[in-house]
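Position chain Y against the provided structure of chain H, taking the given hints into account.
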Amino acid sequence: DVKVTQSSRYLVKRTGEKVFLECVQDMDHENMFWYRQDPGLGLRLIYFSYDVKMKEKGDIPEGYSVSREKKERFSLILESASTNQTSMYLCASSLIIGTDYGYTFGSGTRLTVV
Amino acid sequence: AQTVTQSQPEMSVQEAETVTLSCTYDTSESDYYLFWYKQPPSRQMILVIRQEAYKQQNATENRFSVNFQKAAKSFSLKISDSQLGDAAMYFCAYRSGGYSGGGADGLTFGKGTHLIIQP
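Same order as they appear, the protein sequences are chains H and Y. So for the first sequence, my numbering puts the first residue at 1; every next one is plus one. So for the second sequence, my numbering puts the first residue at 1; every next one is plus one.
Since the hints were derived computationally from the structure, they do not count as laboratory data. Note that this is a predicted model, so its numbers are computed, not measured. Check each hint, because a few of them may be wrong.
As the list claims (entries may be wrong) - Chain H is faced by these chain Y residues, among others (derived, beta-carbon under 7 Å):
1. Phe35
2. Leu47
3. Arg50
4. Gly110
As the list claims (entries may be wrong) - Selected chain Y positions facing chain H (Cβ under 7 Å, derived; list incomplete):
5. Arg43
6. Gln44
7. Met45
8. Gly106
9. Phe109
10. Lys111
11. Gly112
What the hints assert, rightly or not - Capping the alpha-carbon separation at 30 Å, the derived lysine-lysine pairs in DSBU-like fashion look like this:
12. H:Lys57 <-> Y:Lys111
13. Y:Lys78 <-> H:Lys3
14. H:Lys55 <-> H:Lys13
Even glycine gets a Cβ: it sits at the ideal position worked out from N, Cα and C.
Chain Y with its partners taken away, still in its complex shape:
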């Protein structure tokens, strides 16, 4: 079974600064997807960024980028120019890439990192 580990229960950053959230995972598969989700106080889980394991290039979405190290099984999220609206719980998640034919497995989540933005 796959596991996802987020070692930082809470992080704090000054507004406009850069912060990096850590995520490591354990898998024996070669084909998989990795995600970062944001959950603000509204509780709505929002997809921030995704990475396909077969792609060497790190994914980027505006101020959000990842550092994907496949050999090290590491998938960190970098938030540049932090804004007050970035304050939320952030979850790293893993999904198998194989199509089982009988349906898809669910996402495996880490325990989350609570990001605080200091004004």
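Isolated chain H, as found in the complex:
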């Protein structure tokens, strides 16, 4: 089975801190994604990457950046965390070809910014 692993399940950070959320997948998938999940809003795409060092903005990229130095790893960076970034963050991966099989998700990181 494809595994997508997010490094932290729960995280508490202070306002203004630089925050790194890490995601690793083990099946050589080209695509990787970061979503934010909030009650009543569903999942919203922050950024995605279709290859090493390539990245594309999603629907809500403001306040975030990403890094993909290796194919298996996709990092989400909050340059200066704010309380409105308190949320659940989900990482996902997929193949470019055959993406009708959907995406594989990690278990999420619940980030609280205080």
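Quick look at chain Y alone, frame taken from chain H:
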């Protein structure tokens, strides 16, 4: 841009009964994929069922089936013989079918339906 609408924030069903979750979407594309994902309290998003837009036959996976009405842009999920383990958030999602060459776009999700199973 595509949108996905789930009009039922919460549904409740008796164990062993059948329940249908609604989903509508808006797109100008002819080639796309539709998905239903389940998210239990463990938070792991699990793919329940998928449908290719070019296929007229409705997808079925054991107790889960869809009613795909392309002209109406409707994609409902039917769960038969509901079980306690079916309790979860259910998300309908859309993905463009075209291969852009530069990579794939992400899934567009609805806001979810919270399914409660009454024992």
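We went through each hint and held it up to the structure:
1. About 5 Å separates the beta-carbon of Phe35 (chain Y) from the nearest beta-carbon of chain H, less than 7 Å, and the hint is met.
2. With a least beta-carbon distance of about 5 Å to chain H, the hint placing Leu47 (chain Y) at the interface is held under the 7 Å criterion.
3. Of the supplied interface hints, the one on Arg50 (chain Y) holds, with its beta-carbon coming within about 6 Å of a beta-carbon of chain H, less than 7 Å.
4. Proximity of Gly110 (chain Y) to chain H holds as hinted, the smallest CB-CB distance being about 6 Å (cut-off 7 Å).
5. The beta carbon of Arg43 (chain Y) comes within 4 Å of a beta carbon in chain H, closer than 7 Å, and the hint placing it at the interface holds.
6. Nearest Cβ of chain H to the Cβ of Gln44 (chain Y): about 5 Å, under the 7 Å cut. The hint holds.
7. The beta carbon of Met45 (chain Y) comes within 4 Å of a beta carbon in chain H, closer than 7 Å, and the hint placing it at the interface holds.
8. A least Cβ separation of about 4 Å between Gly106 (chain Y) and chain H falls short of the 7 Å threshold, and the interface hint therefore holds.
9. The interface hint given for Phe109 (chain Y) holds, since its Cβ lies 4 Å from the closest Cβ of chain H, which is under the 7 Å cut-off.
10. With 7 Å as the threshold, the beta carbon of Lys111 (chain Y) comes within range of chain H, its nearest partner Cβ sitting at about 4 Å, so the hint holds.
11. A cut of 7 Å between beta carbons decides the hint on Gly112 (chain Y): the least distance to chain H is about 5 Å, and the hint holds.
12. Only pairs whose Cα atoms come within 30 Å are accepted, and Lys57 (chain H) paired with Lys111 (chain Y) is accepted, the gap being roughly 21 Å.
13. Taking the CA atoms of Lys78 (chain Y) and Lys3 (chain H), the gap is about 28 Å. The hint holds against a cut of 30 Å.
14. Between Lys55 (chain H) and Lys13 (chain H) the CA atoms are separated by roughly 25 Å; this keeps the pair inside 30 Å, and the hint holds.
When held up to the earlier numbered hints, the structure conflicts with none and fits them all.
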